[in-house]
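A.B. asks: Below are the chains, spelled out letter by letter.
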Amino acid sequence: MSSLRELEEIESQARSALEAAEDEAQLDAWWQTFLGRKGRLTQVLRGLASLPLEERRLLGSRANRLKEELQAAYQERRQRLQEESLARALAASWVDVSLPGRPLPVGRLHPITQTLRDVLDCFRSLGFQVVEGPEVEWDYYNFEALLIPKDHPARDLWATLWIEYRRNGEMPMLLRTHTSPNQIRYMEAHSPPIRIVSPGKCYRYEATDPTHEWMLTQVEVLAVDEGLGMADLKGTLAEFARRIFGPQRRVRFRCEYYPFVEPGMDVLIDCFQCGGVGCRICGHTGWLEILGSGMVHPQILANVGYDPERYTGFAAGLGIERIAMIRYGIDDIRLFYQNDLRFLEQF
Amino acid sequence: MRLPLSWLQEFVDITVPLEDLAQRLTDAGLEVTAIERTGDWQHIYVGQVVALQPHPNADRLHLATVDLGHRQLQVVCGAPNVALGQKVPLALEGAQIIDPQTGELVPVRRAVIRGVESAGMICSERELGISDDHSGIMVLPQDAPLGLPLSQYLGETVLELEVRPHRPDALSVLGVAREVAALTGQRVREPPVEYEEAGGPIKGRIALEIADPELCPRYVAGLVEGVRVGPSPSWMQNRLRAAGLRPINNVVDVTNYVMLEMGQPLHAFDLRKLMEQRIVVRRAAEGETLELLDGRLVTLTPEMLVIADAHRPVAVAGVMGGANSEVDPSTTAILLESANFHGPSIRRTSQLLKVRTEASLRFEKGLSRHLPLYAARRAMHLLLKLCGGQAAAGLLDVFPGKTKEQRITVSRRRLATVLGLDLPPAQVRQTLSSLGFSCRWMPPDTYVVRVPYWRSDVRIPEDVAEEVARILSYERLPTAPPRGAIPPAEPQPLREFRERARDALAAAGLQEVITYPLLDKDSLAQALSPGEMTTHPPLRVANPMSRELEYLRTTLRPGLLRVLARNLRVRPALPGFFEVGRVFLPRADDLPREVEMAAIVMGGVRRDRWGRPSDEPVDLFDLKGALEAALERLGIRARYRSTSHPVFLEGQTAAILVGEEVVGLLGLVHPRVASHFQVEGRAFLAELDLERLLPFAQTVRRYRPFSRFPPVREDLAIIVDETVPAQEAQAIIEDSPLVVAAQLFDVYTGPPVPPGKKSLAFAITYQSLDHTPTDEEVAAERARIVARLEGLLGAVLRG
Chain A
1 MSSLRELEEI ESQARSALEA AEDEAQLDAW WQTFLGRKGR LTQVLRGLAS LPLEERRLLG
61 SRANRLKEEL QAAYQERRQR LQEESLARAL AASWVDVSLP GRPLPVGRLH PITQTLRDVL
121 DCFRSLGFQV VEGPEVEWDY YNFEALLIPK DHPARDLWAT LWIEYRRNGE MPMLLRTHTS
181 PNQIRYMEAH SPPIRIVSPG KCYRYEATDP THEWMLTQVE VLAVDEGLGM ADLKGTLAEF
241 ARRIFGPQRR VRFRCEYYPF VEPGMDVLID CFQCGGVGCR ICGHTGWLEI LGSGMVHPQI
301 LANVGYDPER YTGFAAGLGI ERIAMIRYGI DDIRLFYQND LRFLEQF
Chain B
1001 MRLPLSWLQE FVDITVPLED LAQRLTDAGL EVTAIERTGD WQHIYVGQVV ALQPHPNADR
1061 LHLATVDLGH RQLQVVCGAP NVALGQKVPL ALEGAQIIDP QTGELVPVRR AVIRGVESAG
1121 MICSERELGI SDDHSGIMVL PQDAPLGLPL SQYLGETVLE LEVRPHRPDA LSVLGVAREV
1181 AALTGQRVRE PPVEYEEAGG PIKGRIALEI ADPELCPRYV AGLVEGVRVG PSPSWMQNRL
1241 RAAGLRPINN VVDVTNYVML EMGQPLHAFD LRKLMEQRIV VRRAAEGETL ELLDGRLVTL
1301 TPEMLVIADA HRPVAVAGVM GGANSEVDPS TTAILLESAN FHGPSIRRTS QLLKVRTEAS
1361 LRFEKGLSRH LPLYAARRAM HLLLKLCGGQ AAAGLLDVFP GKTKEQRITV SRRRLATVLG
1421 LDLPPAQVRQ TLSSLGFSCR WMPPDTYVVR VPYWRSDVRI PEDVAEEVAR ILSYERLPTA
1481 PPRGAIPPAE PQPLREFRER ARDALAAAGL QEVITYPLLD KDSLAQALSP GEMTTHPPLR
1541 VANPMSRELE YLRTTLRPGL LRVLARNLRV RPALPGFFEV GRVFLPRADD LPREVEMAAI
1601 VMGGVRRDRW GRPSDEPVDL FDLKGALEAA LERLGIRARY RSTSHPVFLE GQTAAILVGE
1661 EVVGLLGLVH PRVASHFQVE GRAFLAELDL ERLLPFAQTV RRYRPFSRFP PVREDLAIIV
1721 DETVPAQEAQ AIIEDSPLVV AAQLFDVYTG PPVPPGKKSL AFAITYQSLD HTPTDEEVAA
1781 ERARIVARLE GLLGAVLRG
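Protein chains in written order, with this note's numbering: chain A, 1 to 347; chain B, 1001 to 1799.
Next up, chain A with everything else stripped away, as it sits in the complex:
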C-alpha cells in the first residue's frame, strides 16, 4: 500500500504543517505527527520490511532521505522560531536608558577644604608635616615674637580684632591675623631640622568686597636647616605653584616686606581672568599675588634658641581663598562663606 505517492503526500503535508507551526508546542505536535514513534513517516519506514526487495530498496532510500530532510527542516524551523521569540522578548524589555537614575544625596567638601587639602598634600609630598595652632592668640605670638612690637607701624598691615580681655591695662588676646604665630610655637618646642606646614583660619578687621573677606584660610610654610637660602625657597614655591596651577602658568618673584623675614619675597601668578593683560580681578596688573615669603629673620631664630650662624630658614604664608579663586575662576571671594548651595554644589 505504501507508495511513492504516499511519500510525496507526506512530504508536502509535513512541509506545509512545519511552515504553519508558530511555537514550541505546535512544533512538538508536528514532530509527533510525522517523525514520532507513531508518526506517519516512521510508519512508512516500519512498513518497508513487508515489501518486496526491489520496491523496498527504492522506497526505502526515498523514505530515509525524506526523514533526514524533514529532520533538518524541523531543526531549522525550530531555530528560527527561537530567534523570533528572543527578538520579541528583547523588544518588550526595551527601556529608555536616558531616564535619570534614582537620586542619591551627593555629599561634597567645601571648595576651601578641597583646595586646602590639595595644597597640604603638595607640601606633604615634599616632606613637610602638618601641624596646627590656636585661632585665638596672644599678642606675643601674633606680633611681638614676629618682631612687630607694640606701636610698630607694620601693625597697620594686619587690622586686628581684639578680644575683650585685659591684663595689666593691656589687651593681649586677639583673633590671629595670620598663621605665622605657629612658626614660633613650633620652633619653641622643636629643634632643627624643621619642615612644617600649618593651616588655619585667620581674621582681619576688614570690610568685605569682591576681593576682601575678613575670615581667611592660610597655610604657613616653615623650613629651618643648615644652608637653606633663597634658592631653596624659590624652588619649593615654584614646585608648589607648578603642582597646584599646572606647568603652563607663569610665576614671578619680587621683593616684599614682612617684618619677620629678611629678605622678603612675594610670589605672583599670571591672572586667570585676563591671562596677564590686566583686568579688574588683578587690579590691571596682569598678576595675582598668591603668597608672601622670605628667609626667617635671624633674630627670630636666636629668640627661640637656635644658632642663627648655623641655621637658616625660610617661611611662606599662602592664602587659600586666593588660590581657590584662581583655580576655579571665582571672581567674588564672599561666595565662599555665604554657603549658597548653588555655589557649593559646583565643586
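Mixed in with the good hints, there may be bad ones.
To be verified - No farther apart than 20 angstroms at their CA atoms in a straight line, the calculated lysine to any residue pairs in the SDA-like style are these:
(1) K1385(B) / L1240(B)
(2) K150(A) / P1302(B)
(3) K150(A) / L1361(B)
(4) K1404(B) / Y1453(B)
(5) K1624(B) / R1641(B)
(6) K1354(B) / E170(A)
(7) K1203(B) / E1276(B)
(8) K150(A) / Q1351(B)
(9) K150(A) / A1542(B)
(10) K201(A) / P1544(B)
(11) K201(A) / F1497(B)
(12) K1385(B) / N1249(B)
(13) K1521(B) / E1594(B)
(14) K150(A) / R1167(B)
(15) K1624(B) / E1594(B)
(16) K201(A) / E1594(B)
(17) K1354(B) / A17(A)
(18) K38(A) / A17(A)
(19) K1624(B) / L104(A)
(20) K38(A) / R65(A)
(21) K1624(B) / P105(A)
(22) K1354(B) / P105(A)
(23) K1402(B) / E1214(B)
(24) K1385(B) / A1542(B)
(25) K1521(B) / E164(A)
(26) K150(A) / L1352(B)
To be verified - Heads up, incomplete: computed chain A residues facing chain B, CB under 7 angstroms, no partners named:
(27) R108
(28) P134
(29) R204
(30) M230
(31) G235
(32) T236
Said to hold, decoys possible - According to the in silico footprint, chain A covers these stretches of chain B (three or more CB under 8 angstroms from chain A):
(33) 1024 to 1034
(34) 1336 to 1346
(35) 1470 to 1477
(36) 1501 to 1511
No wet-lab data here; the hints were simulated from the structure. These figures come from a predicted structure and were not determined experimentally. Each residue gets a CB set at the ideal place from its N, CA and C atoms; glycine is no exception.
Fit chain B to the supplied structure of chain A, relying on the hints for placement.
C.D. replies: Only chain B this time, still in chain A's reference frame:
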C-alpha cells in the same frame, strides 16, 4: 604716596619707559600701584580776562573778553568771581569738560546765550576734574603763560606708590630718585641747600632745650626774619596739588615741599608767638590742652611729647602744630623746626589723639637722625628764595641721640648661602654703591658695608643681602629643587580624625559648609541652653565690625541654622549640611579652649524618584541615617538615649553615647529657635564633640573571622510597652553567643496590639564559627532570649 614725575626728573634722568620703570620699582619692593596722567585736556588754554561787562539780557551773566595772546574771544560767564585781569582756563569748541551736575564728559560748543554769542567757556575746577569746587571759575596764578595749552601748564604724570613701613626714606621724591638711579644705572642730582646767612647768629636769640632726649634724639632750629607771607609760586602750588597736598602760604608750602622732597617733616612757628623765644621739647603735663592747626582742641597726657615755649605747648611733637603759634599773613619772623622723634611714641600719640598727618606717618616709621640738618638747610634755601627775609647765622642743633654710623660685616659665604649665588666682590660693591652704600671687600671672606644715613632700615647682613638681591632682581636668583633631610613626623591624632570625620560626613551625602565664628549675642543665647550660656559665656570682641560679628561662638548651631534657612529660601529639597570647626570655650586668664566640633543640619522635604521636592518632610530618621552612616565609616557604634534640652523639642531629642560617654546631641530644633533663625518648617540638628569621640574611633581596624557554616534565620516578634526603646530589645537579642545579627524590620501599633503597647519584629541570624547550629540548639537559645526579653523588658512573645 603721590609722586609727580616732573619732580622726580629734577633729581634723576628717566631713561626707560615709564611702565618698565614702574615694574622694576615694584619688583624691587617699591610698589607702584598706578600711573596717573592728570590734566590731559584738549582745546583748553590759559587766557586772561581783558574786558568785562554785564550781559545785556541777563542780570547774573557777564560778557568777558578773554585774551589768548594771539587773539581775543568773547564768552558769556555766569560765575560770581569772574574779575578783570584774571588768568583763567578757557575751553574752546572741541574741548570736553565734566558736567558738574552729572559728572559726565560733555563737549564744549560755540553757543548763543540769551542773544549773545559765546566762543567757549571759562571753567571751574570741577569742570576740569581738578577738584570738587564749583563755586566759581578757576583762577590761575598771574604768572601763568598766556595762550599755553592748559595740559602743558597744569598737566602732570603722577606715580602712585605704596611704600612699605620700613622704608620712610622712600616716602620722598629724593628717596624714590635714589631707587630709580640704582635700578637704571643713573646718578642722583642732590637739590641745592646753600643759603646766605645775612643776619646775626641764632645762638643767644633762641633758647632750645630737649627735656626728653629719648623721645627727641635731635632738634634743629633755624631763624628767618623779615619774611613776607603770601601765596607760593604756581610751580610749587602745582606740585603740592599733584602730590595731594593743599597749598596754604609760601612758608607752610616750603615746609611741606621739603617734606615731600626729602622725607623730613618740618614745622614753622611764628617767632613772635613763642613766649620768651624759648623752645622746650618735653612730655605734656597731665590735662594740658592745645588747639591744633585744624581747630580741634585736644587734651594731652604725659605719654605725649610736645613742643612748648616758656609756658605752654605750641605743637604736638611730630603730629601737628598748635593754632597759638601758627604762621599767618602778618608773620614776619619764623622759627623753623627740623627734628627727629621716637617713632613708636609718635604713633601712639597720633592714635590716642586720632590725628594722622603726613608728618606723623613719616615719624612713626623711624626717620634717620641725620636727615634734620640737611632738610633744614634745604628749607632755609627755599624760604629765603620764596619768602624773602634774612637768615640768622647758623642753625641750632641739639643732638643728644647721636648715633654711630651703621657698619655691617657680611661674610661672602653667608651672602652666597642666602642668595644661592656666589657673586664676585666687584659686583657686590658696585650694586651696593649704586644705592649709596659703601662696601669694602676684605679678602678672603668679608665685606664691610657702610649704610647711607637715610637707610635706617638696614641693620643686619640679611638686610644687605636683600639690597643686593632686589637690585639684581629676584627673578635672576637661582632656583633649587627642594632638598635636605626630611624630619621625622609626629602623629596628629585629633587632626587626622577630624579630617576623616569630614570625609565620612561628606560620604554620608552631606554638603560641607564653613561659617563665621563670630555671631551676635542673641543668636548664641537662642541656640544654647541657659546652662550652656553660663558655663561658657562667649568671649566678646573688643572692637567688633558689627553687632552681627561680636561674640566668639561656643556652638556651631546658629551658623548651620542660618545656612539651612538661607538655602531653603531657594530650594525646598536640600541635602543635609555639615560643618566641622572650632568652638571657643573661655578659660580664666588663658586662651580659650578650642574644641573641634562637628554638626549636621537638615530640613525641608525629601526628593522623589525624579529628584523633585516631594511632599514628605524630612524627619529625625533622615538625620540619624546620615549620622549613623558617617559614624559607621569612622568605626564607631553609638547609642541614643532620649533626653531633653531647651533648644530641642521634648520627645524628639537624644543624647548620643558611645560606651557610657555622651559625645553629642541630636533632635528636632524647637520651633521657637528655628523661627528665630528664620527657618521655614522644621529643622533637625546633630552635633558631635570630636575630641570626646576620638578615643572610640577605630584608627587601626582588626579583622574578625566570619563563619563559613550556614546560618539559621528566623523571625521573632514581641510586644512591649510603647516607651521601651527598640535598641534595648535588639541589644538583649544580640547578647546571645549564637546570634550574629538581629535586624529590626517592623514596628507596629494598633489592633490587635493592645493600646500603649507596640510590636517589634526582628529577623535573627543564628550562626556558629565551628559548626552548623542544630534545631535543638536554636530552640534552646531562642527560649533563653525570650526569657530575658520577658524578664528585662516585660516583653510578651507575639503569637
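A.B. asks: Tell me if M230(A) is really an interface residue toward chain B, meaning its C-beta lies closer than 7 angstroms to one of theirs.
C.D. replies: Holds, about 5 angstroms.
A.B. asks: Given the hinted pair K1404(B) and Y1453(B), is their alpha-carbon gap at most 20 angstroms?
C.D. replies: Given pair K1404(B), Y1453(B) holds - Cα atoms ~10 angstroms apart, limit 20 angstroms.
A.B. asks: Check the hint pairing K150(A) with R1167(B) against an upper bound of 20 angstroms on the C-alpha distance.
C.D. replies: holds (18 angstroms)
A.B. asks: Starting from K201(A), check that the Cα of P1544(B) is at most 20 angstroms away, please.
C.D. replies: holds (18 angstroms)
A.B. asks: Within a Cα-Cα threshold of 20 angstroms, do K201(A) and F1497(B) meet the stated pairing?
C.D. replies: holds (19 angstroms)
A.B. asks: Holds or violated: are the alpha carbons of K1354(B) and E170(A) at most 20 angstroms from each other?
C.D. replies: holds (19 angstroms)
A.B. asks: Using C-beta distances, would you say chain A covers the segment 1470 to 1477 of chain B, given that this needs three or more residues below 8 angstroms?
C.D. replies: holds (count 4)
A.B. asks: Given the hinted pair K1402(B) and E1214(B), is their alpha-carbon gap at most 20 angstroms?
C.D. replies: holds (11 angstroms)
A.B. asks: Are the Cα atoms of K1521(B) and E1594(B) separated by 20 angstroms or less?
C.D. replies: Roughly 19 angstroms between the alpha carbons, so the hint for K1521(B) and E1594(B) holds.
A.B. asks: Can you confirm whether the C-alpha distance between K150(A) and L1352(B) stays at or below 20 angstroms?
C.D. replies: Holds, because 14 angstroms separates the two Cα atoms, which is no more than 20 angstroms.
A.B. asks: Can the segment 1501 to 1511 of chain B be counted as covered by chain A under the rule of three residues or more with Cβ-Cβ separation shorter than 8 angstroms?
C.D. replies: Coverage by chain A holds here, the residue count being 9 at a Cβ distance below 8 angstroms.
A.B. asks: Go through the hint on R204(A) and say holds or violated, using the shortest Cβ distance to chain B against 7 angstroms.
C.D. replies: violated (10 angstroms)
The structure does not agree with the numbered hints 15, 17, 22, 24, 29 stated previously, though it agrees with the rest.
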